[in-house]
Amino acid sequence: MFTSVLMIEKALTSADVEFVTTLHGDEPVSFHVLLQPRGDQADRLLRAIDDIALGELDEAAHERETPEGKDAAELGRQALEVSLAALRAAGSAAKGRLIEDHPLDALKDLVDEVRADEVIVLTDPHYVEEFFHRDWASRARHKVGVPVLKLFSHSKA
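Going by the working numbering, the sequence shown opens with residue 37, and the numbers climb by one from there.
The hints are simulated quantities; they were obtained by calculation from the structure and are not laboratory data.
Treat the hints loosely; a few may be bogus.
Restricting the straight-line Cα-Cα distance to at most 27 Å, the calculated cross-link-like pairs of lysine-lysine (BS3-like) are [stated by the list, open to error]:
# : residue 1 : residue 2
1 : 144       : 179
2 : 186       : 144
3 : 179       : 131
4 : 186       : 131
5 : 144       : 131
Quick list of the computed label-pair ranges, beta carbon to beta carbon [unchecked claim]:
#  : residue 1 : residue 2 : range
6  : 179       : 133       : 17 to 25 Å
7  : 118       : 188       : 25 to 33 Å
8  : 61        : 110       : 31 to 39 Å
9  : 51        : 113       : 32 to 40 Å
10 : 129       : 185       : 15 to 23 Å
All C-beta atoms, glycine included, are put in the ideal place defined by N, C-alpha and C.
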């Protein structure tokens, strides 16, 4: 069985699930999902710049309303459960946990713990971080010791 660590920031859409579960053809895949809610990742300014770069001006104007702290954790738990259920419904084994601090350290620990074959980082585009190679995928490539695939999530389910 192929073991993938899947790092996400919001609930997987049906298109996301189909994409990651078919990456390896008919080979069975076990997913270990790490989710860090968007409100716990970067400051509002960087999130707003990403929204503007994507042409989502309304989203940028409402960035201050993005849940943070305990509110982000509760929404994150719900998104994680939805994502795990969707992966299982697609026929994959799936376990997961919420990341509260230091996402790259949590990723490295999990990769080592489960002896992962790969890491898939599936997030919305983060143009500022990606330009400076400070996004999760760029940083993980130097830390985890397995291949890292960067995918952009589908916005709508």
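Hinted pair residue 186 and residue 144, Cα distance within 27 Å: holds, 16 Å
27 Å limit on alpha-carbon distance, applied to hinted pair residue 179 and residue 131: Within the cut-off at roughly 22 Å; holds.
Distance restraint evaluation - residue 179, residue 133, Cβ atoms, bounds 17 to 25 Å: Given range 17 to 25 Å: holds, Cβ gap about 18 Å.
31 to 39 Å as the expected CB spacing between residue 110 and residue 61, which holds or is violated: holds, 37 Å
Given pair status - residue 179, residue 144, alpha carbons within 27 Å: The given pair, whose Cα atoms are some 7 Å apart, holds under the 27 Å limit.
Range hint 32 to 40 Å (beta carbons of residue 51 and residue 113) holds or violated: Since residue 51 and residue 113 have Cβ atoms about 23 Å apart, the given range 32 to 40 Å is violated.
Given hint residue 131 paired with residue 144 - CA-CA distance at most 27 Å: OK: residue 144 and residue 131 at ~16 Å, within 27 Å.
Straight-line alpha-carbon gap residue 186 to residue 131, limit 27 Å: Since the Cα atoms of residue 186 and residue 131 sit roughly 20 Å apart, the hinted pair holds (cutoff 27 Å).
Cβ distance range 25 to 33 Å for residue 118 and residue 188, holds or violated: violated, 19 Å
Residue 185 and residue 129 - C-beta distance against the hinted 15 to 23 Å: 19 Å Cβ-Cβ, so the 15 to 23 Å window holds.
Checked against the numbered hints given earlier, this structure breaks hints 7 and 9; the rest are met.
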